[in-house]
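Below, each chain spelled out in residue letters.
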Amino acid sequence: MIASVQLRSLRRGALGLLVAAAAYEIAARSGAFPPALLPTLPAVGRALVTGIADGSLLLHAFHTLYRVLCGFALAIAVALPLGVLMARFRPVENFVLPLASALMPIPSLAWVPVFILWFGLGDLVAILVVFYAATFPLLLNTWSGVRAVNPLWLRAAGAMGADERALFRKVIVPGALPFIITGLRQAFLRSWIAVVGAEMIAASNWGLGWVIFDAKEFLNADVMLASLAVIGAIGLIFERLVFGSLERATVLRWGMVRAAKT
Amino acid sequence: MHDATSVQAIELAAPAATESVWRVVARTAFPFLVVAALWEIVAHLGIFPPRLFPTLEQVGSVFVRLTAQGILPHHAVETLLRLLAGFALAAVVGVTVGILMGRFSLAEDVFLPLVSIGAPIPGIAYAPLFLLWFGLGSVSTVLLVGFVSVFPIIFNTWTGVKAVKEIWVRSAQAMGADDRRLFRHVILPGALPYVLTGLRLGLAQAWRILVGVEMLAAVPWGLGWLIFGAREFLNTDVMLAGVAVIGIIGLALEKLVFQRIEEFTVVRWGMMT
Chain A
1 MIASVQLRSL RRGALGLLVA AAAYEIAARS GAFPPALLPT LPAVGRALVT
51 GIADGSLLLH AFHTLYRVLC GFALAIAVAL PLGVLMARFR PVENFVLPLA
101 SALMPIPSLA WVPVFILWFG LGDLVAILVV FYAATFPLLL NTWSGVRAVN
151 PLWLRAAGAM GADERALFRK VIVPGALPFI ITGLRQAFLR SWIAVVGAEM
201 IAASNWGLGW VIFDAKEFLN ADVMLASLAV IGAIGLIFER LVFGSLERAT
251 VLRWGMVRAA KT
Chain B
1 MHDATSVQAI ELAAPAATES VWRVVARTAF PFLVVAALWE IVAHLGIFPP
51 RLFPTLEQVG SVFVRLTAQG ILPHHAVETL LRLLAGFALA AVVGVTVGIL
101 MGRFSLAEDV FLPLVSIGAP IPGIAYAPLF LLWFGLGSVS TVLLVGFVSV
151 FPIIFNTWTG VKAVKEIWVR SAQAMGADDR RLFRHVILPG ALPYVLTGLR
201 LGLAQAWRIL VGVEMLAAVP WGLGWLIFGA REFLNTDVML AGVAVIGIIG
251 LALEKLVFQR IEEFTVVRWG MMT
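Protein chains in written order, with our numbering: chain A, 1 to 262; chain B, 1 to 273.
Warning: the hint list may mix true and false statements.
Going by beta-carbon spacing under 10 Å, a handful of chain A positions derived as facing chain B [to be verified]: (1) L65; (2) Y66; (3) L69; (4) C70; (5) S101; (6) I106; (7) V112; (8) G161.
Distance windows between CB atoms, simulated [unchecked claim]: (9) A:P91 - B:G60: 57 to 65 Å; (10) A:A22 - B:R103: 53 to 61 Å; (11) A:L152 - B:A252: 36 to 44 Å; (12) A:L241 - B:P189: 36 to 44 Å; (13) B:G46 - A:G255: 38 to 46 Å.
Hint data in this document are derived by calculation from the structure and do not stem from the laboratory.
In this text the structure is predicted, and so the values were computed from the model without any measurement.
Cβ atoms here follow ideal geometry from the backbone N, Cα and C, with glycine treated the same way.
Take the sequences, apply the hints, and build the full model.
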C-alpha cells in the first residue's frame, strides 16, 4: 500500500520533470528565442561535460570553495567562542548583542564595494564577505543554544562534582549542539550566496560566480546554466552530506533531536 | 527547528520590565559609542587615506546633505518598490502553489521535485541569466527577487497546510462545513503561522539579494547602485551612508513589518504565544 503510493509519487515526479524539460526543449528549439540565450539541454550538458573534462569548471569550483571555506572557518573561529562567552557572561552579551542586531540586517553583498575599496580586488574581499554573512547566524544560534541548555543538567553535573572544564565539555557543548548545527547550516547557506555574489561584483579571474558573470559578456548561456548546475550541486552536497552526517554523528545519535518523520 | 531570531526578540524585551528605561538605553548605546570612538581615532590618526576611511562627521554630513537633497530617499524608495513588487509576486505565486501542494497529492508530486531542484541554487547565481533574458534594469531585478523569495514561501506554506491537525478538518466536516468554509476557517488559519514564517524568510532572502542584484543590473536608481557607483569616485562616505540606510531599512522590515503581522494574527488567535 505505502509502496504503491510512493511509486505513484515517484512516477508523477519524474513525469513532472520530464514535462518541464520537454517544454524547455521545445521553447529552445522553436526558434522563437535566439539559441545563444536559450540553449538546448544537450548543449548545456555538453558545456558541463567539456567544462569538467578540461578541468576549468573544477578549477573555478576549487577557487570558490577555497574562498567559502576560509571565510567560513574564520566565522567559526570568531562566532563560536563569542557566542559561548555571550551566553555565559552578561557584560559580553550586553556589549555584543546590540552591535550584532544592528549589523545583521545589512546584507553582506552591500559591503562588497566598500571592501573592494579597502582591500582591493581579490580573494580577501570574497573571504571577508563570506565571513560577514556567516558570522551572525552562527553567533546568535550559539548564544541561544548555550542559554537553552537545561539548567537541571548543569545543576546535576555540578552536584556530581563536575568542574568548570568538564561542565563545559560534557554538558554545555553537547547541549547547545542542535542550535549550533542549525547555525552552521544557516551560515553556510548564506555564505554560499555571498561568495557567488561577491565573485560577480568583485570580478576576480576565477570562481563559479565569475564564470557565470563573464559568460554573460559572450552570450554563453550554456556555460551559465552548466555553472549553475555545479553551484547547486555543491550547495546540496554540503547541506545533505556534510551537515547531515554531522547531525547524524552527534545530536541524532545522542537522541537530542529526532529525525524528521518523512 | 531551532531558530534564534524569535528567541532574540523575547530576550531583548525581557529585561526592560525590571530595569529602568534609561539604563537599557545607556547599556545599548554603550557598545556603539565605543566602536564610534575607535573609528574616530583610527580615522583621525590618518593611518588610512581619508578618502577611503572617512571620519564619522563626514559620513554624517554626507548623509544629511543627500537626504536634504532628496537623493538618498529617492534611492531608498526605488529599492523598496523593487523589493515590494518582487515580494508581492512571490507571495501570490508561492502561497498558491504551496496550498495546492498541500491539498492535492498530484500537485505535490509534480511540484516537489521541481522546487527541490530550484531551491538549493543561490538566487544571485541566476542574476546574469535573468539579465540576459530580460535585459538590464528593473524588470530583471524584480523577477529575480520574486524568484528568490518564492522558494521558502512555497516550502513553508506546503508544510503548514499539511500540518493542519487532521482532527480539526474532520470535526469541521462533521459539523457540515463545505470545502470553501473548511478552507477559509480551518486550513487557512491553521496554516498561517507557517505561511507567515515562509513570507518572513522569503522577504529576508529577497532583501539579502536585492542590493547585490542592483549592483549588477545597472538600475538608474537604488541603494545598491548608489554604493556601487560611489566606488568609481572613491566616495567612501557616500557608500557608508548608503550602507547605513540599508541597515535601517533591514531593521525596520524585521521590527515593524513582521512582528506587527505576527502580533496581529497568530498571537491574537492564540496559535502561538
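Results of checking the hints against the structure:
Given the 10 Å rule on beta carbons, the hint for A:L65 is violated: about 14 Å separates it from the nearest Cβ of chain B. Of the supplied interface hints, the one on A:Y66 is violated, with its beta-carbon coming no nearer than about 17 Å to a beta-carbon of chain B, more than 10 Å. With a least beta-carbon distance of about 16 Å to chain B, the hint placing A:L69 at the interface is violated under the 10 Å criterion. Evaluation of the A:C70 hint against chain B yields a violated restraint, the C-beta minimum of about 18 Å exceeding 10 Å.
Checking A:S101 against chain B: minimum C-beta separation of about 7 Å stays under 10 Å; hint holds. Checking A:I106 against chain B by beta carbon gives a least distance of about 4 Å; that is within 10 Å, so the hint holds. For A:V112, the interface hint holds, since its Cβ comes within 10 Å of a Cβ in chain B; the closest pair sits about 7 Å apart. Using the Cβ-Cβ criterion of 10 Å, the hint placing A:G161 at the interface with chain B is not satisfied: the shortest such distance is roughly 30 Å.
With their beta carbons about 29 Å apart, A:P91 and B:G60 fall outside the hinted range of 57 to 65 Å. With their beta carbons about 26 Å apart, A:A22 and B:R103 fall outside the hinted range of 53 to 61 Å. Our hint of 36 to 44 Å for A:L152 and B:A252 holds, since their Cβ atoms are close to 40 Å apart. Take A:L241 and B:P189: their Cβ atoms lie about 39 Å apart, and the range 36 to 44 Å holds.
At about 59 Å, the beta-carbon gap between B:G46 and A:G255 misses the expected band of 38 to 46 Å.
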